[in-house]
Structures are given as C-alpha cells and as structure tokens.
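Student: Sequence:
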Amino acid sequence: MPELPEVETMRRGLSPVVGRRITRIEKVRCRHKPITMRPSLAAIRRRITGRTIQAVERAGKRIVLCLDGGDRLLIHPRMAGLVLLHDPPDTEHLRLRIHLSGREARKLLYWDRRGLGTIELLDAKALAALNASGTLGPDALQTTTKSLRRRLAGSRRAIKVALLDQRAIAGIGNLYASEILHVARIHPECRCRQLTAAQWRRLHAAIIEVLQQAIDLEGSTLSDGTYRNALNQAGRYQNHHRVYQRTGQVCTTCGDARIVRNVQSQRSTFFCPRCQKPPSG
DNA sequence: CCCCAGTCCTGCGGGC
DNA sequence: TGCCCGCAGGACTGGG
Numbered sequence: 315m316p317e318l319p320e321v322e323t324m325r326r327g328l329s330p331v332v333g334r335r336i337t338r339i340e341k342v343r344c345r346h347k348p349i350t351m352r353p354s355l356a357a358i359r360r361r362i363t364g365r366t367i368q369a370v371e372r373a374g375k376r377i378v379l380c381l382d383g384g385d386r387l388l389i390h391p392r393m394a395g396l397v398l399l400h401d402p403p404d405t406e407h408l409r410l411r412i413h414l415s416g417r418e419a420r421k422l423l424y425w426d427r428r429g430l431g432t433i434e435l436l437d438a439k440a441l442a443a444l445n446a447s448g449t450l451g452p453d454a455l456q457t458t459t460k461s462l463r464r465r466l467a468g469s470r471r472a473i474k475v476a477l478l479d480q481r482a483i484a485g486i487g488n489l490y491a492s493e494i495l496h497v498a499r500i501h502p503e504c505r506c507r508q509l510t511a512a513q514w515r516r517l518h519a520a521i522i523e524v525l526q527q528a529i530d531l532e533g534s535t536l537s538d539g540t541y542r543n544a545l546n547q548a549g550r551y552q553n554h555h556r557v558y559q560r561t562g563q564v565c566t567t568c569g570d571a572r573i574v575r576n577v578q579s580q581r582s583t584f585f586c587p588r589c590q591k592p593p594s595g
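To convert, take the position in the first sequence, counting from 1, and add 314; that gives my numbering.
Think of the hints as simulated: they come from the structure by calculation, not from any bench.
Since the model is a prediction, treat every value here as computed from it, not as a measurement.
Beta carbons are placed, not taken as given, at the ideal position from N, Cα and C, and that holds for glycine.
Any given hint might turn out to be false.
Straight-line Cα separation of at most 30 Å, DSS-like style, residue types lysine-lysine; simulated pairs [to be verified]:
1. Lys421 <-> Lys439
2. Lys341 <-> Lys439
3. Lys460 <-> Lys591
Cβ-Cβ distance ranges computed for the label pairs, FRET-style [to be verified]:
4. Arg581 <-> Val342: 26 to 34 Å
5. Pro353 <-> Pro592: 20 to 28 Å
6. Lys341 <-> Arg470: 40 to 48 Å
7. Lys341 <-> Cys568: 48 to 56 Å
8. Gln508 <-> Asn445: 28 to 36 Å
9. Gly333 <-> Ala467: 41 to 49 Å
10. Gly539 <-> Thr449: 56 to 64 Å
11. Thr561 <-> Arg338: 43 to 51 Å
12. Gln456 <-> Thr510: 53 to 61 Å
Using the sequences and the hints given, assemble the complete structure.
Tutor: Take a look at the structure:
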C-alpha cells in the first residue's frame, strides 16, 4: 500500500522523465473497470499532449507531474497502484501509458491491481483551491514537533487514528502509523489531548526516523508483492517492521511481550503492550 | 468537532 | 476441487 516512503521512492525513480515532452497518452485495453480520471481521459489528453514535464514532485501519497504552463497531473496510487518506467508486474492490470519524447525511458506507466487509484489534472487555480481547502495537510517529513502539536494536540481522537488523517499530516498510512507509535513508545489508543510534551517530541522524532529509514530502504513490499519502485523492484523496509503484521511474535525491542493486533476505525493496529503503555485513566 | 458505516475495487486465503 | 466469504485499507460521503 503506497504510503509516503513508497510514493517518494516512486518519485525518485521517475527523475528520468523530467524535461520530456508528452507525445501520447494511451489507455491500455484492460478487462477491469477503468480508473477514475478527472476530468475525463479525453479532456486530459487534449490538455497535456505536447506539454513538457518540468518536475516530478510528491504531495503526501500523490505523485505530482508538474507541466509547463502550470498544470499539475496528480497520480494517486491508493491501495495498489504503481507509477513505473518499465516492466509492470503484469500486463493485465496496466491502465495507462504516457509516451514521452527522448531516447530512453520513453513510457511512463500507470499500473493498478485494484483500480482504486485516481488521476487528476489541476490547473493553477484548481491547485490553489485544493491547497486552500486544507484537504491535504503539511507533508509528514516537513513537520516539526511544534507543528505536529499545533495540528493534533487539541483532538480527542486516538493518536493512531489522528495520524491517518491526511488533513492533519499528509503521508502516513496504516502500516507506518503502527511502526511510528512503536518507535515513539506511545500506545495507539492514547488520546491526542493526553500526550505529554515528551511524547510529542518522541512522536515527531519517530515520524522522521521511520519514514526516512523506510525511504532509504525503498519502502515496504508486503507478502502480496504489490508495491515496487519505478523500476519494478521490491522495497526492503518490510524486513525492519517492528509490529506491523507481527501479531503473536515476540517484540524485538523488549524481547518479552508479544505483539498485539486490535482494530481502530475499522483498521488494524499493531503494538507491543509492554513497550507502549496503555493510556492512564 | 468527531465517530461510524458504507463505498469504490480486485485478489487472495480460510473454511467447508 | 471449487465456491463463498471476509479481509486488505486510502479517501471520501452521508448520517448521527
């Protein structure tokens, strides 16, 4: 499931497309339901064919292709989407080929096993409106202890649930939320309001540490094998998971308690009951 | 403000 | 062996 580290890895892998012109957008024949595109594929095609990709950025869990003239193509892989330069995992779920000028890396591919991903074209005005709407909070890697507190400390929500709120902080998903809280030694059911100054500092440090290490190891490829980088290679951070999908296994930090799974907001949470003390009261 | 259930979508694994 | 069901969860929506 692409979260910040996986999307950042994809973004880095896409650097060869910078400076290229979009020559053709090809919808791949696919037996599955088409993915959501806004506006329609035809309209996107009309507007961006012939444009040059000036930069590849990331906004939370979205890849942003910055085009000359100010338009932005936002690719949001959601659960099972990949943005690739070569060799998709299979051809059955290949959705889109964006043909580019130049000699190498002439195709930017969008592959999506579940089809939950979305592709949106925004002009400068729509982009400004999106930024103003607060739909997408500040990037998790750009937060400070102070900004984290300012955005979350007043909430009555459990910290695990709040970390998943992209309006508060962008980029953290279900996997990294559990990992981050374990590093920070904070129980996932602690209410934001009850966290101490020391806990906020540890939380911020853990966000940076976990996300940065995961980026260094090119993200997590789970047993379903879906996530790959832009060159269709697996990540390596899954070998460093402390709690995620480790229910019943001994915690590697305390070497004593076993990892517990519970459900918050209909989502699995994993934690160590010894390292992460439950909230008092 | 916040919570919850439902929705989108497909593949996979468990149970029978 | 095959079928059905539930699960995976990011983001959004509608109702409370």
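Student: Each hint needs a verdict: does it hold in this structure or not?
Tutor: Hints versus structure:
At roughly 28 Å between alpha-carbon atoms, Lys421 and Lys439 fall within 30 Å of each other, so this suggested pair holds. A hinted pair counts as satisfied when its Cα atoms are at most 30 Å apart, and Lys341 with Lys439 qualifies at roughly 27 Å. Only pairs whose Cα atoms come within 30 Å are accepted, and Lys460 paired with Lys591 is accepted, the gap being roughly 24 Å. A hinted range of 26 to 34 Å for the beta carbons of Arg581 and Val342 is consistent with their spacing of about 32 Å.
Checked against the given bound of 20 to 28 Å, the beta carbons of Pro353 and Pro592, roughly 49 Å apart, lie outside it. Look at Lys341 against Arg470: about 46 Å separates their beta carbons, and that is inside 40 to 48 Å. Remark: the range hint 48 to 56 Å for Lys341 to Cys568 is upheld by a beta-carbon distance near 52 Å. Between Gln508 and Asn445 the beta carbons are some 32 Å apart, a value that agrees with the proposed interval 28 to 36 Å.
Between Gly333 and Ala467 the CB atoms are about 43 Å apart, so this pair conforms to the stated range of 41 to 49 Å. The supplied range of 56 to 64 Å is broken by Gly539 and Thr449, whose beta-carbon atoms lie about 31 Å from each other. For the hinted restraint 43 to 51 Å between Thr561 and Arg338, the CB-CB distance of approximately 47 Å keeps it satisfied. Taking the beta carbon of each, Gln456 and Thr510 are about 24 Å apart, not inside 53 to 61 Å as hinted.
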